[in-house]
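> Single-letter residue listing:
2 protein chains.
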Amino acid sequence: MKSFQLLLLALIVWAPLVSLQGQPSDSVAIRRIAEEVLRHGRAYENLRILCKQVGPRLSGSPGAERAVQETARMLQEAGADTVWLQPCQVPHWVRGTGESSYVYLASGRRRPLQAVALGNSVGTPAKGVRGQVVEVRDFAELDRLGRPGVAGRIVFYNYPMDPTQVQTFRAYGQAGAYRGNGPSMAAKYGAVGVVIRSLASNVDAYPHTGSTRYNDSFPKLPAVTISTRDAEQLSAELRSGQVRELWFRTTAEMLPDVTSYNVVGEIRGTDFPDEVITVGGHLDSWDLGEGAHDDGAGCVQSIEVLRVMKALGIRPRRTIRAVMFMNEENGLRGGLAYAEAAKKDGKKHLFALESDAGGFTPRGFGFSGTPAQYQQFLSWRSLFQPYGASEFVNGGGGADIGPMRPLGTALSGFTPDSQRYFDVHHAASDVFEAVSPRELHLGAGVMAGLVYLVSQHGL
Amino acid sequence: MKSFQLLLLALIVWAPLVSLQGQPSDSVAIRRIAEEVLRHGRAYENLRILCKQVGPRLSGSPGAERAVQETARMLQEAGADTVWLQPCQVPHWVRGTGESSYVYLASGRRRPLQAVALGNSVGTPAKGVRGQVVEVRDFAELDRLGRPGVAGRIVFYNYPMDPTQVQTFRAYGQAGAYRGNGPSMAAKYGAVGVVIRSLASNVDAYPHTGSTRYNDSFPKLPAVTISTRDAEQLSAELRSGQVRELWFRTTAEMLPDVTSYNVVGEIRGTDFPDEVITVGGHLDSWDLGEGAHDDGAGCVQSIEVLRVMKALGIRPRRTIRAVMFMNEENGLRGGLAYAEAAKKDGKKHLFALESDAGGFTPRGFGFSGTPAQYQQFLSWRSLFQPYGASEFVNGGGGADIGPMRPLGTALSGFTPDSQRYFDVHHAASDVFEAVSPRELHLGAGVMAGLVYLVSQHGL
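Note that the protein sequences, when read in sequence, are chains A and B. Numbered per the working numbering, the first sequence finishes at 460, counting up by one with no gaps. Numbered per the working numbering, the second sequence finishes at 460, counting up by one with no gaps.
Be careful, since some hints might not be right.
Restricting the straight-line Cα-Cα distance to at most 25 angstroms, the calculated cross-link-like pairs of lysine to any residue (SDA-like) are [said to hold, decoys possible]:
id, chain 1, residue 1, chain 2, residue 2
1, A, K53, B, Q166
2, B, K53, A, E434
3, A, K311, B, K311
4, B, K53, A, R230
5, A, K311, B, Q166
6, B, K53, A, V204
7, A, K311, B, R230
8, B, K53, A, N203
9, A, K53, B, D205
10, A, K128, A, N203
11, B, K311, A, D163
12, A, K344, A, G409
I should point out that these hints are in silico values taken from the structure, not numbers from a laboratory.
Isolated chain A, as found in the complex:
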């Protein structure tokens, strides 16, 4: 009994010592990782290539295919043991080149309006759609108007992102309902077309596109989005009775699915090669900009995670994969294909980390796992304080890694600061120049730090 008590005492005394011994070496490793990225990071240069040499990368487009080749090359260059392409069938939506729009004013004149088709939307007839405009703030207002107020008209959803939401993703989630469901809800009452106020946190002249989702119970209406500035002007013109009608033509269409690829680069684990850690972003982007923050940043950061391991001679105990997911924006086929393959490969998919919230200064990570895993995750929090990335919250992951949850994979979402994201998201302003190299690299550094911890300690 006495020796048992001594053992117990020893354990109690030892436990913190062991953990104290563990921590410094983790903190030193993370420091080395962050310094390597801040000093020699390749993410920013890779992002330049992705934005300026490849450009827009909508699923099925030539840009997306070039991006597959380029990131496969980047993964090789980063030192991945193996690089492969994982096929998936992706939707092939095209905007076409004939978009045009006018506001017909009560004065008899017309003024051009920059309206862009929502992703996955159908095109108008060749002659376009024309109708009176009925502005609604939200679905409740639409419901009150009903068929008498809506039929034969163009519905203009003017729901702004709530500026008082400090976490801008919350405001995006609220306003996103109108882009997603607005066309079908308007079709239900007999509208002929839909105009959406762009989901943007600032007031400027860029329309922000993004996917809409048709409900098969209703006709598919052509749907466009206009900039927040144009939305405010149109709303003011409507209030003062200056608008007679609106006309727009879109030439969008959904072509048959085509084959595309996730791009995967792997460093094989030394001790547990069959325990797999995934870190990724999505390779496809909308067609209007360069997809710099969304999600070129997440791709080049994930490549950087592999590069920094190789550059520092770190041999991870568990396998680390950087994955460029295809088709997050308008289908998620890449994420689904990856999870499907993971389900069948006989490996243990321990942990997946996604960066798809922009290349901004790091704030922390969200985490979805078992309570025990969450406690382990929390125990690492202080290691990220020196890098401003210690906001560790329960919940979170990413669209592309979401399909892995049923496999028991713990998921994490990298959380950069969100204040500027929706200024550029899905718009022509999402370009390389909007990304700060230090912010991008600091993010890559903390992502690599978290991946390192899981690779060494498991989860």
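Chain A is fixed; fit chain B onto it per the hints.
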């Protein structure tokens, strides 16, 4: 004795209740403040005026005088009870218009170099200075070269900001020694001129100016700074023996002091009007850019602190002053004059908060006060978590409010994220467009929150 014990118990039980009762109303007040700023903030529009209508505001320049008038107007508009100008004599350094510089190459050709005079530096003779270039990494290297290696030459300090410092101000502090003391240290060994690698965290084509400080024991050398990109090129050319000489001419001179002003706007406290809280930024800026982040941001945020109080009908218990300090950049005369006046006015200067680290997304506050004051400050920390501003650290303040420390004033420095600051600091790239309205306003909101707490609870 028993009733005393009961009283004690009551106190122990009550204490948390009181504090629990206090907290929700504080958190509600801060929420209202933040929402008001995020919804109706004027700081961004005021910054546009300061950058685009007023422009550069170097002490003694016409821009600085226009800025005095404009911000006085803004303070009136914000609803200050009283607005006044507090005179101070400021140095009047002018760059002149004749700056020019060439690198003379071994090939016999010459190439132009964009070199700009350091603030407060003397001009060259009319024919400029010309000499061989001796590049040093640091003062140790300069000392090793000594007079034999330096005399008659132009010293090129090529000390980069350390990219691995996550807090970029630390890297700035290290590298700043060369801008501040480099000219006099080179003069000590008989150099004829000095070129400094710009204090910038990125590699681009903008020279970043800033003050130098002459040591009166040595001749005053003309001193210029070149962009980080030019510094890397010049260094490479020197290594490969391509550089014969460097020539530069500057037309800078220090004119006699002129009268300028701090601009002060005040809301008088209801309960303790003689307890004064100061919140400020500096109104002067370098001449190359628009002084948007440095420190137009701090000025318009401080004005916003008053505006939001008035807009919400908050009547602070203690007096709140927004102060636009003049001459932080090359003399600190405004800060000294303000402290001098505070010393004499018979009021209790309880607390001063400065925003002079850019209009970036908030991280928290630094604090310098008594241990008891620091504990009170820490007790408010969780109130700022919803706004991402809970990094509360011991130490900090600001250059302009520093002279108030001997008065017993507790000092605080607003701490925004520092990753992008030294990309633009003191350079032509510090323009309105580099500021995010949401980041600027969120910062103003948390500053107003902290000022509110001190105004209601004291310190």
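> Look at each hint and say if it fits the structure.
Consistency of the hints with the structure:
1. K53(A) to Q166(B): violated (29 angstroms)
2. K53(B) to E434(A): holds (22 angstroms)
3. K311(A) to K311(B): violated (57 angstroms)
4. K53(B) to R230(A): holds (21 angstroms)
5. K311(A) to Q166(B): Holds - the C-alpha atoms of Q166(B) and K311(A) are around 22 angstroms apart, at most 25 angstroms.
6. K53(B) to V204(A): holds (19 angstroms)
7. K311(A) to R230(B): Cα-Cα ~29 angstroms, so violated.
8. K53(B) to N203(A): holds (19 angstroms)
9. K53(A) to D205(B): holds (18 angstroms)
10. K128(A) to N203(A): violated (33 angstroms)
11. K311(B) to D163(A): holds (23 angstroms)
12. K344(A) to G409(A): Holds. K344(A) to G409(A) sits at ~10 angstroms (cutoff 25 angstroms).
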